[in-house]
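Enquirer: The primary structure of each chain is shown beneath.
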Amino acid sequence: MTLDMVNRGDVIEILSIKDKDIRAQAIRLCIYEGSKLKCAEKLPSGPIVLQNRMQEVAISRKLAQQIVISKVS
Amino acid sequence: MNQYSKHLVLVGNPNVGKSVFFNSLTGKYVDVSNFPGTTVDISTGRFEDYIVEDTPGIYGVSSFNDEERVARDVILNGDIVLNVIDAVHMQRDIFLTQQLIDMGKKVIVAVNLIDEAKKNGINIDIKKLSQFLGVEVFATSALKGIGIDDVKKNIKNARVGNKTEGIQEMLSEIVSPEVSEAEALLILEEDQVISERKGVKTEGKRDEIYRKRRERVDRIINEVVSDSIEGSSFGTKLGRLMLKPITGLPILIVILAVMFWFIGVLIAQIVVDFTEGTVMEGIYKPFIENIFNFIPKDSFIGSLLIGDFGLLTMTPIYILGLLLPLTIGFYLLMSLMEDSGLLPRIAVLSDKTLSKVGLNGRAIIPLILGFGCVTMATMTTRLLGSKRERIIATFLLGLTIPCSAQFGVIIGLLTPMGFKYIISYTVILILIFGISGVLMNKLLPGESTSLFIDLPPIRLPQAINVLKKTMAKTKSFIIEATPIFALGAVLITVLQYTGALTAIEHGIAPVTVQWLKLPEQTSVVFIMGIIRRDFGAAGLSHMVLTNGQMFVALITITLFVPCVASIIMIFKERSKLEASAIWLGSFVIAFLIGGLLARFVI
Chain A
1 MTLDMVNRGD
11 VIEILSIKDK
21 DIRAQAIRLC
31 IYEGSKLKCA
41 EKLPSGPIVL
51 QNRMQEVAIS
61 RKLAQQIVIS
71 KVS
Chain B
1001 MNQYSKHLVL
1011 VGNPNVGKSV
1021 FFNSLTGKYV
1031 DVSNFPGTTV
1041 DISTGRFEDY
1051 IVEDTPGIYG
1061 VSSFNDEERV
1071 ARDVILNGDI
1081 VLNVIDAVHM
1091 QRDIFLTQQL
1101 IDMGKKVIVA
1111 VNLIDEAKKN
1121 GINIDIKKLS
1131 QFLGVEVFAT
1141 SALKGIGIDD
1151 VKKNIKNARV
1161 GNKTEGIQEM
1171 LSEIVSPEVS
1181 EAEALLILEE
1191 DQVISERKGV
1201 KTEGKRDEIY
1211 RKRRERVDRI
1221 INEVVSDSIE
1231 GSSFGTKLGR
1241 LMLKPITGLP
1251 ILIVILAVMF
1261 WFIGVLIAQI
1271 VVDFTEGTVM
1281 EGIYKPFIEN
1291 IFNFIPKDSF
1301 IGSLLIGDFG
1311 LLTMTPIYIL
1321 GLLLPLTIGF
1331 YLLMSLMEDS
1341 GLLPRIAVLS
1351 DKTLSKVGLN
1361 GRAIIPLILG
1371 FGCVTMATMT
1381 TRLLGSKRER
1391 IIATFLLGLT
1401 IPCSAQFGVI
1411 IGLLTPMGFK
1421 YIISYTVILI
1431 LIFGISGVLM
1441 NKLLPGESTS
1451 LFIDLPPIRL
1461 PQAINVLKKT
1471 MAKTKSFIIE
1481 ATPIFALGAV
1491 LITVLQYTGA
1501 LTAIEHGIAP
1511 VTVQWLKLPE
1521 QTSVVFIMGI
1531 IRRDFGAAGL
1541 SHMVLTNGQM
1551 FVALITITLF
1561 VPCVASIIMI
1571 FKERSKLEAS
1581 AIWLGSFVIA
1591 FLIGGLLARF
1601 VI
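Here the protein sequences come in this chain order: A and B. Numbering-wise, my numbering puts 37 at position 37 of the first sequence, and it's gapless, one number per residue. Numbering-wise, my numbering puts 1415 at position 415 of the second sequence, and it's gapless, one number per residue.
For the record, the hints were derived by calculation from the structure and aren't laboratory data. Do not rely on the hints blindly, as some may be mistaken.
Below, in silico cross-link-like pairs of lysine to any residue (SDA-like), each with a Cα-Cα straight-line distance of 20 angstroms or less [unchecked claim]:
#, chain 1, residue 1, chain 2, residue 2
1, A, K36, B, Q1091
2, B, K1201, B, I1251
3, A, K18, B, R1211
4, B, K1237, A, N52
5, A, K20, A, P44
6, B, K1244, A, S16
7, A, K36, B, N1222
8, A, K36, B, V1225
9, A, K36, B, I1251
10, B, K1205, A, Y32
11, B, K1127, B, N1222
12, B, K1352, A, P44
13, B, K1244, A, P44
14, B, K1352, A, E13
15, B, K1352, B, K1205
16, B, K1237, A, L43
17, A, K71, A, E13
18, A, K38, B, I1221
19, B, K1244, A, G9
20, B, K1119, A, N52
21, A, K62, B, K1356
22, A, K20, B, E1190
23, A, K62, B, T1449
24, A, K38, B, T1449
25, B, K1212, A, S16
26, A, K18, B, D1207
27, A, K20, B, S1063
Restraint ranges, calculated between C-beta atoms of paired labels, are given here [stated by the list, open to error]:
#, chain 1, residue 1, chain 2, residue 2, range
28, A, S16, B, I1602, 57 to 63 angstroms
29, B, K1118, A, R8, 27 to 33 angstroms
30, B, D1273, A, Q65, 50 to 56 angstroms
31, B, E1165, A, G9, 34 to 40 angstroms
32, A, T2, B, G1204, 23 to 29 angstroms
33, A, V72, B, E1169, 22 to 28 angstroms
34, A, R8, B, S1580, 45 to 51 angstroms
Computed from a predicted model, the values in this text were never measured in an experiment. Where a beta carbon is used, it is the ideal one built from N, C-alpha and C, also for glycine.
Input sequences plus hints: build the corresponding full structure.
Expert: As C-alpha cells, this is what we get:
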C-alpha cells in the first residue's frame, strides 16, 4: 500500500520512496526505507503528518501516493 | 594576511537557537548582507581572532534550495564549524553534524535547548556523544546563558571528528590538491554545482552514503539519548490542534484576522497616514520643492526631479512614507510566524487548496505578502521549488491580489455601496484566482513540487531575533526595490513629458467607453493605476459613477496590470517572454472580465 492510504494513529514502515531528491531530503528528517513512524494527523484530502519521537514531517497527498509502506499496527 | 584570518561558521537546522549563539559571540558589531539573487541573508561579525558567519538554517549540506546553496559555500570557505543542534530533535540534527564531520571540517558541537529536552523527558549523555563523534560537545541553553562560556573557551579545540565508516576510503579517491575533502564529499553526494566547479564527474553515491550515515546516527542516538515519557509539551499539543480541521481552521481565521487588523488598520491607515501624510507630504515635500525652486517645475529636469512622479518627490514619499512601514509590518508578522512554528502549519493547512492551482502550501508566503506589496511578494517567489510555480505565483499575484495601498482605497469605495457589492467583489476575485490558477496548472508543461516540510514545535519567538530578521529583510527589500521604483518614476515622467501618456489614455478610451461602459475619464484612472495601484483606485473616488459602473471599474483596476514597480520586478525575476506574457495576460483578462461584467451590471 502507499502512504496516502494510512489512517490517523497507524504505525507504518517505509518500504520505498520513488523520487530521488525526496528520498535524500526524507532521510535527513528520519524518514527512510525501514524506518517506523506514526501517522500523527491526516488532513481531509490534504497532507499527511508523520511522527518519529518529537520529529514531525508533513507530506503532501500527491507525494504520499509515491511512497510505498506497510502497516505495522 | 588579515588580522582576522580564520572563519568560524555557525551551522544548524532551522529554529535551533543559532542566532542567540551568534549574538553572544559577536556582540553588537554585526553586518547583514544579502546573497545576490536570493532572499537569503548572512550575518557577519567578529569573535576574538575569528570572522564569524551565521548561515541560514539547513537540514543538510547540498543544493536543494537557496538556503542550502548559500550555506554550502560559506561552510566550504570556513575553517571551524560551530554546529548548534536541538536537544529535542537529536535524531534529525546529528545527521547534519555527521555530514559536517564527514566533510573533514574542524567541528565543535553545542547541544542547545537542553532545558526544553529535560522538560520533555529527554536525557542526553553528552560525554558519550562526544566520544562517538570524536569532537567536543557541550550542553547549552543559549537563552539562559547555560554552557555558552564553555563553547566560547573551546572554539580553538574544534577538531576533525570520526567519519562515517567507509567514507574516508571513498574520499581519498577524489581528494587532490584542487579538491578538498569537503568538496570531495559533496561530489560523491552528487552535488552538481561543486562537480561542475571542480570539473569532476559526480560519483552517484548519495543514496549509499546517506544510508550509511543514517545508520550510524541512529546507532549513536540509541546509545546516548533516552526519553522517559512520550513528548507532549504545550507546544506539541498546540501544534497538533492547529492541524486538525475543526480546531485548525478557527485558529487560522483568528491569526488571519489579527494580521489583517495589524496590517490593514494599524499600519496601512494609522501609521501610513502619519508617515506618508504628515511627515512626507506635509514636511518633506514642501521642503524639497523649496530647495529646488530655481528649476521650473514644468521643464523636463524639473518634472524628472520634483514633478508629480519625480525622483525626489514621489519616489522617496512612496518608499519611505508608504512602503517602509508596510514592509516592516509584514516582515515582522512573517518573522513572528516563522519563529513560532506557525508558518509551516499554515502551509500544511493551505496545501490542499493551493495544489489545485499548481502550487504547494509554501506558496502561501508570497501570497500573504502580496496583500502588503505585490513587488515585495514577487521577489519572494524565489523561495518556491520550481520555475513553474514561480510563474504561476507571479501571475496570480499580479492579477488577483490587491496590494495594501490599493486595498485600503477599494474598501473605502466598496463599503458605502453595501454588503452585496463587498461579497460580489470578493467572490469574483476568488473565482478568477481559482479559474486562472487551475488553467495555468493544466496548460503549463512540467510538474510542480510537492509539500514536504519539517514541522518545528510551537515555541515562543525571541523578540531580538524577530526584530533582527525583520530589519535584515526590510533592508534588503528596500535596497533592491528603491532603484526599481526610481526607474518606474523616470519611465512615467518621460511618458508624461513626451505626451505618450495622454496618447495611451486616448488610445484605450474607446475600449473604456464602449466595452466597459464607463465614462471616458476612467481611462486616466487606469493609466494612473499603473503608476501606483492606489492612485488608480483613488482617482475613482472623484468621479460620479453609478454603483454598477463603480463595481466594474474596481474589478477591472484590481485585475489590471500591477504597478510599474511590480512590472519591472516581474521582468527582473522572469525571462522577457514570461514577463511579457504575464503582463499582457493580466491586461487582457482585466478588460475581458470587466467588459463581461459590464453586460450584466450596467
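Enquirer: For every hint, state whether the structure bears it out.
Expert: Hint-by-hint comparison with the structure:
1. K36/A <-> Q1091/B: holds, 13 angstroms
2. K1201/B <-> I1251/B: violated, 50 angstroms
3. K18/A <-> R1211/B: It holds: about 15 angstroms lies between the C-alpha atoms, which stays within 20 angstroms.
4. K1237/B <-> N52/A: Between K1237/B and N52/A the Cα gap is close to 15 angstroms, so the pair holds against 20 angstroms.
5. K20/A <-> P44/A: violated, 27 angstroms
6. K1244/B <-> S16/A: violated, 28 angstroms
7. K36/A <-> N1222/B: holds, 15 angstroms
8. K36/A <-> V1225/B: Holds - the C-alpha atoms of V1225/B and K36/A are around 18 angstroms apart, at most 20 angstroms.
9. K36/A <-> I1251/B: violated, 31 angstroms
10. K1205/B <-> Y32/A: Roughly 16 angstroms between the alpha carbons, so the hint for K1205/B and Y32/A holds.
11. K1127/B <-> N1222/B: holds, 14 angstroms
12. K1352/B <-> P44/A: At roughly 9 angstroms apart (the allowed maximum being 20 angstroms), P44/A and K1352/B satisfy the hint.
13. K1244/B <-> P44/A: holds, 9 angstroms
14. K1352/B <-> E13/A: Outside the cut-off at roughly 25 angstroms; violated.
15. K1352/B <-> K1205/B: With Cα atoms ~35 angstroms apart, K1352/B and K1205/B exceed 20 angstroms; violated.
16. K1237/B <-> L43/A: holds, 16 angstroms
17. K71/A <-> E13/A: holds, 6 angstroms
18. K38/A <-> I1221/B: holds, 19 angstroms
19. K1244/B <-> G9/A: Holds, because 13 angstroms separates the two Cα atoms, which is no more than 20 angstroms.
20. K1119/B <-> N52/A: holds, 18 angstroms
21. K62/A <-> K1356/B: Between K62/A and K1356/B the Cα gap is close to 11 angstroms, so the pair holds against 20 angstroms.
22. K20/A <-> E1190/B: holds, 11 angstroms
23. K62/A <-> T1449/B: holds, 10 angstroms
24. K38/A <-> T1449/B: violated, 24 angstroms
25. K1212/B <-> S16/A: holds, 17 angstroms
26. K18/A <-> D1207/B: holds, 12 angstroms
27. K20/A <-> S1063/B: holds, 14 angstroms
28. S16/A <-> I1602/B: 57 to 63 angstroms: holds, 60 angstroms
29. K1118/B <-> R8/A: 27 to 33 angstroms: Holds: the Cβ-Cβ distance is about 29 angstroms, inside 27 to 33 angstroms.
30. D1273/B <-> Q65/A: 50 to 56 angstroms: 51 angstroms Cβ-Cβ, so the 50 to 56 angstroms window holds.
31. E1165/B <-> G9/A: 34 to 40 angstroms: holds, 37 angstroms
32. T2/A <-> G1204/B: 23 to 29 angstroms: holds, 27 angstroms
33. V72/A <-> E1169/B: 22 to 28 angstroms: For V72/A and E1169/B the Cβ distance comes to about 36 angstroms; the hint is violated.
34. R8/A <-> S1580/B: 45 to 51 angstroms: holds, 48 angstroms
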